[in-house]
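These protein sequences, in sequence, are chains P and S. Each residue of the first sequence is one higher than the one before, counting from 0 in numbering that gives the first Met the number 0. Each residue of the second sequence is one higher than the one before, counting from 0 in numbering that gives the first Met the number 0.
None of these hints come from the bench; they were simulated from the model. Values in this document were obtained by computation on a predicted structure and should not be read as measured data. C-beta atoms are modelled at their ideal positions from N, C-alpha and C, and glycine is treated no differently. A hint or two may mislead.
What the hints assert, rightly or not - Restraint ranges, calculated between C-beta atoms of paired labels, are given here: (1) P:P403 / S:R73: 53 to 63 angstroms; (2) S:Q6 / P:E279: 30 to 40 angstroms; (3) S:D142 / P:E443: 23 to 33 angstroms; (4) S:S71 / P:P403: 36 to 46 angstroms; (5) P:T277 / S:M59: 41 to 51 angstroms; (6) P:R252 / S:T132: 27 to 37 angstroms; (7) P:G265 / S:P159: 26 to 36 angstroms; (8) P:R271 / S:Q158: 32 to 42 angstroms; (9) P:S202 / S:R73: 54 to 64 angstroms; (10) P:T438 / S:M59: 25 to 35 angstroms; (11) S:S71 / P:E443: 37 to 47 angstroms; (12) P:M232 / S:G173: 21 to 31 angstroms; (13) P:A268 / S:D142: 42 to 52 angstroms; (14) P:A268 / S:R73: 45 to 55 angstroms.
Unchecked claim - Derived contacts from chain S toward chain P, CB cut-off under 7 angstroms, selection only: (15) K107; (16) P108; (17) D191; (18) Q193; (19) V196; (20) V199.
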Amino acid sequence: MTAFGKLIRTTAFRLTLVYLFLFALFAASLLGYFAWNTRRLITEQITITVNAEIGEISDIYNRRGLRGLLNTMGNRALRPGANLYLVTAPNGQALAGNIESLAPGVMGIQGWTETAYRRLDDNTDHRALVRVTELTNGFRLLVGRDLEERRRLFGIVAKAAQWSILVVVVLGIGGGIFVARRVLHRIDAMTGTTRRIMAGDLSGRLPVGRSGDELDRLAENLNAMLERIEALMTGLKEVSDNIAHDLKTPLTRLRNRAEEALARSGSEADYRAALERTIEESDGLIRTFNALLMIARAESGQARGNMDDFDGADVANGIHELYEPLAEDDGMTLQVKTAPTPIHGNRELISQALANLVENAIKYGKPEAGVQPPGGQASAILIEARREGGQVLLSVTDHGPGIPEGDRKHAVERFVRLEASRTLPGSGLGLSLASAVATLHGGELRLGDAHPGLVATLVLPARVGGSDRLAAQTQDVPQKAA
Amino acid sequence: MTATAPQMRILIIEDDRESADYLVKAFREVGYIADLAADGEEGLSMAETGEYDVLVVDRMLPKRDGLSLIGSLRDKGNRTPVLILSALGQVDDRIKGLRAGGDDYLPKPYSFAELLARVEVLSRRNVGPAEETVYRVGDLELDRLSHRVARGKDELTLQPREFRLLEYLMKHAGQVVTRTMLLENVWDYHFDPQTNVIDVHISRLRSKIDKGFERPLLHTIRGAGYMIRDGIR
Chain P
0 MTAFGKLIRT
10 TAFRLTLVYL
20 FLFALFAASL
30 LGYFAWNTRR
40 LITEQITITV
50 NAEIGEISDI
60 YNRRGLRGLL
70 NTMGNRALRP
80 GANLYLVTAP
90 NGQALAGNIE
100 SLAPGVMGIQ
110 GWTETAYRRL
120 DDNTDHRALV
130 RVTELTNGFR
140 LLVGRDLEER
150 RRLFGIVAKA
160 AQWSILVVVV
170 LGIGGGIFVA
180 RRVLHRIDAM
190 TGTTRRIMAG
200 DLSGRLPVGR
210 SGDELDRLAE
220 NLNAMLERIE
230 ALMTGLKEVS
240 DNIAHDLKTP
250 LTRLRNRAEE
260 ALARSGSEAD
270 YRAALERTIE
280 ESDGLIRTFN
290 ALLMIARAES
300 GQARGNMDDF
310 DGADVANGIH
320 ELYEPLAEDD
330 GMTLQVKTAP
340 TPIHGNRELI
350 SQALANLVEN
360 AIKYGKPEAG
370 VQPPGGQASA
380 ILIEARREGG
390 QVLLSVTDHG
400 PGIPEGDRKH
410 AVERFVRLEA
420 SRTLPGSGLG
430 LSLASAVATL
440 HGGELRLGDA
450 HPGLVATLVL
460 PARVGGSDRL
470 AAQTQDVPQK
480 AA
Chain S
0 MTATAPQMRI
10 LIIEDDRESA
20 DYLVKAFREV
30 GYIADLAADG
40 EEGLSMAETG
50 EYDVLVVDRM
60 LPKRDGLSLI
70 GSLRDKGNRT
80 PVLILSALGQ
90 VDDRIKGLRA
100 GGDDYLPKPY
110 SFAELLARVE
120 VLSRRNVGPA
130 EETVYRVGDL
140 ELDRLSHRVA
150 RGKDELTLQP
160 REFRLLEYLM
170 KHAGQVVTRT
180 MLLENVWDYH
190 FDPQTNVIDV
200 HISRLRSKID
210 KGFERPLLHT
220 IRGAGYMIRD
230 GIR
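Next up, chain S with everything else stripped away, as it sits in the complex (with noise of 0.2 angstroms):
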């Protein structure tokens, strides 16, 4: 977060005070304005008056259930990005939430720098969609047209699958994005590899873009994922 970017407002509905508290406490401690709200309808009338960057939704609450108060939200009109977390976790729950117009879901239990993630990929998305032809990182350029990707002076070669990979990556450029995200949003598999299937996509990736240039631009962020910045920024 820089300086002058206005503070991101989350609302977090969530019945369970602890795991509650424990939300509110961890995006204070990173920067956000966090509000709470402990059943669905107080949820609902705060994401409906405040203005909030997105919702973080538990799919089980009292009085109201988190599917219902997403699909009220979005039949009023109101187009707050909403994360859904639920525990049940399989592949038919996810889609159901996704079509009451949920825009991501996220299994219990979660590591906050999961959630942290995706709700950072999730609000810039509420900013303005970043829908450009050409992706810059530094000197890294990637056109969504053509299909070229450029370092400097270098023409790289992709393989397809590399290709999307690192628009996901740019796309989402400055952001932590998780390998969950990644095979969600690259691979489109929902399962949890046993394996480290994923990092070795990245350093094959990271072979061909940072691989002899002084200022590497693909990091990794320990115990959360990867990031792709110009290292100066």
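So that you can see chain P by itself, here it is in the shape it has in the complex (with noise of 0.2 angstroms):
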């Protein structure tokens, strides 16, 4: 495309052709308004002028006659910008007058009509308006006035309307191609930075003037989302450098093993118990990458596809019953605590999200010594299902050493396992995944103190106009516990 070809595509300089058009027609349909009033001002004026002069006069001739009415036409015809006058005899003969010709038969007709005409002192042909009247005795008498005057400013008009429109069109087109280039020129810089930011530079960003105008503020966002995306990149860059140490150790040490049990000629039992314990690094291994898919799959919203209705209160029901052996085994007490909770959600993801604070809670909730929480038991974890306005909570509570609140956010990421929790087995994944579960839903996993211990909370929003129906089906869980 030209670069003017480009410049009359822009949005700026179609604006400025609809304004055009639009100004034009107002220009123009202004200036036919005064011109029409004029014309009809000054033959108003005109007629009241001639209609004035014709009873003058008609009474002159009724009171001193045909000579009387000669007198005072000569006396008026000669007058600088006289009216037109004519005197008729009945047989048509010109008396007096300042008229030297006029368009045949204009005398026979009684009333107005408009004529061009020759005035005596002056031989070029003219236009007027003129009235005839019938006086006695067949004489006839015509009164007029030049109509010079209505053409010339008829004229003035036409000008006037020709150049306004001239100017109105070379302004227009002018200011647009100024407008649309000005826009060009910045759609330019900001083109031309969005190609760099897709070459690769994700530092690159977008001009942003000074005047707030709508193109700053788009820049504007436009930066901020180049931002999110720069901060999701390098994220994800975090994330692959973890992933790589975190399934090259394993990896690493599964190799380290299998060579050595090579190298050492041992007996059968020796090669046994190195197979095994390969087998159980593999198999930590694809545990691990299981997690990372399933956490993959909830953030891109893929598993959007599989959802329902359900009770949390069932979902926090049925992992108490599945850890609870779990958790008193190492000494600790599991609760459950609900209320209907209507969701509309993957079951199986929100039950596995919920396991993994469970499961967080059992490993590293272990009240340290001489702990005594407020109405509580030290070595009791708690599962509660409830409802809080649009919202529902589950959540998971216990009494260990709980997380700082600096290390809250940073916890939840992939890998990240908190100093204190490096010696205990685990892939460092279950409260990213539980974080990208809430995510998936809408929600969000959030971090709290239970003074002391921690508070893990999935976040969700609450299925509307679910309660009713979820309140009947909850009434029979108590008998079915007895």
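Dock the two chains into a complex; use the hints.
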């Protein structure tokens, strides 16, 4: 596309053209209205003057007869800028006046006529508006007024119209080009930057002017978006570095062990032990890998296709039932407290997220010596499902050391295992998965303080309009448990 | 496998040569007859003509994919149990596989012990459903209707979930049942817990049914899972 083509295709230029058309139309109608009204006014003026004069002259004729009429006529006709006069005899002969010739037949029509004429003292053709009246005895009187004035005025208006339209068009197109070029210039700058960014330079930002106009706001928003993308990319890089690290470490261990077993000529039992550990290690790797895939899937929103309606209380009870013996074996007690919590979501994923939180609580939530939380047992872990306004909260509370406030955000990240837990087994993906699941459902994972201990809460949006049915459903829960 | 039982016939439909050979070899080692088909079309015609007890079908196959193969078999009224193997291990893929007519689903990578346990459970279903009202293993008795469990003369009190766990184990008495199978069939969860949560449930159950009795019935099979059986058999 040529530069000019590009220019005239801009929105700014097209808008200018529309405005130009509207302004021209406006100017033309204004002038037209003005011209038409002026013409009417002039005509009216002429009519009044002519009527008055005819009245006066008829009066003179009636009082002083033909002589008086001709006298008056002579006087008036000689005044500069005088009206047009003509008096004719019954035979059509001109007796007095300042008209040399008229269009034929004008004197025969009584009343108003617009006609061409020629004045005595001027031999060019003019036009006039005249009125003819019949006096007594067959004499006829014509009084009229030249229309030159009206024509001139009309000419001025027409000229004004031409000029103003020309000016509007020139200014309009000029202005349009100017504005379009300015906009185009800035858009081109933006395009250039985005091209650079697309080419891989994620640190590039769009130029933002000082005017705070819509383009600046757009640029600011795009910059904020770029900021987010850059952060995500950095995050992704960190994650892949972490993945590389966390998968390579066990792989290296695995390889070393196999090599060692090969190198040492041991008994069959030694080989068997080495192989068993190899399988164990690879199982751990597979688990880590599965967890990563699950997170990726939850984060990409693919699991949205598999959602149905259920009660969060059932999930809480189910997980409680599954983990209660495990907690007890570890010297803790697992308790559950539920209220109807209608959810629309992926039951399997939410169950797994809650299971991860419970596993974390069992693993890391052991109370420190001498700790006595208010109104509870230090070794108790509580699973709770409750509703708070439009939200469903599935929480797991322990009274262990908790997570310092500054570390909480960090703890949710993939592969992060806080210093305190480095020695315990685990992939470091439990909280990440829980968080990804919450995000998938439009909620979040909140970590809070249980004074002492950790409250990990899956905050999910409650299903709308499902509370009544669920209330009926949950009534039979105590019966089942009995 | 007892000597009198007819040999189990398995068809493996898998295009990856190495894992297919490994499976054939492993199944033959435990005394099965294992055939191999390398693509979907060949697999379909073999499955239709051969009398197999179980089909092990990879989901992604050349010429005809696993799900369409199963659908086509089922359309023709062939009810041979099918176990789907897939690299797509996610929940919805499993559901898709089961909807297409598969009977079980195992994500790759899997352990052979897990695969074997599942194949055995599937094939038994083919022989005849074990839908008796009362399950018996040795002197242990479980009545599915009255929810009564007794060992010898002693009445045992089980929690509802313990009852379902024992019911599943006894339904598959003499067969290895893996932890994942228990989690899937007793609890209906398809994720993979990072802790030994199933072992704890088993040890509770064991303390109720085996503790104080001379002969243990609930056995741990190393590297595979659990099995309930009368020690003598």
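- Could you check if P108 (chain S) really has its C-beta closer than 7 angstroms to a C-beta on chain P? holds (6 angstroms)
- Message: The hint says 36 to 46 angstroms between S71 (chain S) and P403 (chain P); measuring C-beta to C-beta, is that right?
- Response: The hinted range 36 to 46 angstroms is violated for S71 (chain S) and P403 (chain P), with Cβ atoms some 59 angstroms apart.
- Task: Could you see if the CB distance from D142 (chain S) to E443 (chain P) stays within 23 to 33 angstroms?
- Result: violated (48 angstroms)
- Given hint K107 (chain S) near chain P, where the shortest CB pair must fall under 7 angstroms: Violated, about 9 angstroms.
- Message: For the hint 53 to 63 angstroms, verify it against the beta carbon of P403 (chain P) and that of R73 (chain S).
- Response: Since P403 (chain P) and R73 (chain S) have Cβ atoms about 57 angstroms apart, the given range 53 to 63 angstroms holds.
- Confirm or reject the claim that A268 (chain P) and D142 (chain S) have a C-beta distance inside 42 to 52 angstroms. holds (45 angstroms)
- Query: When you take the CB atoms of S71 (chain S) and E443 (chain P), is the distance between them in 37 to 47 angstroms?
  - Reply: 46 angstroms Cβ-Cβ, so the 37 to 47 angstroms window holds.
- Message: Hint validation: V196 (chain S) versus chain P, beta carbon distance must be below 7 angstroms. Holds or violated?
- Response: Holds. Min distance 5 angstroms.
- Item | 30 to 40 angstroms as the expected CB spacing between E279 (chain P) and Q6 (chain S), which holds or is violated | holds (33 angstroms)
- Determine whether the Cβ-Cβ distance between T438 (chain P) and M59 (chain S) falls within the hinted range of 25 to 35 angstroms. holds (30 angstroms)
- Check the following: the C-beta atoms of G265 (chain P) and P159 (chain S) are separated by a distance inside 26 to 36 angstroms. violated (48 angstroms)
- Between A268 (chain P) and R73 (chain S), does the beta-carbon spacing fit 45 to 55 angstroms? With a Cβ separation near 48 angstroms, A268 (chain P) and R73 (chain S) satisfy 45 to 55 angstroms, so the hint holds.
Checked against the numbered hints given earlier, this structure breaks hints 3, 4, 5, 6, 7, 12 and 15; the rest are met.
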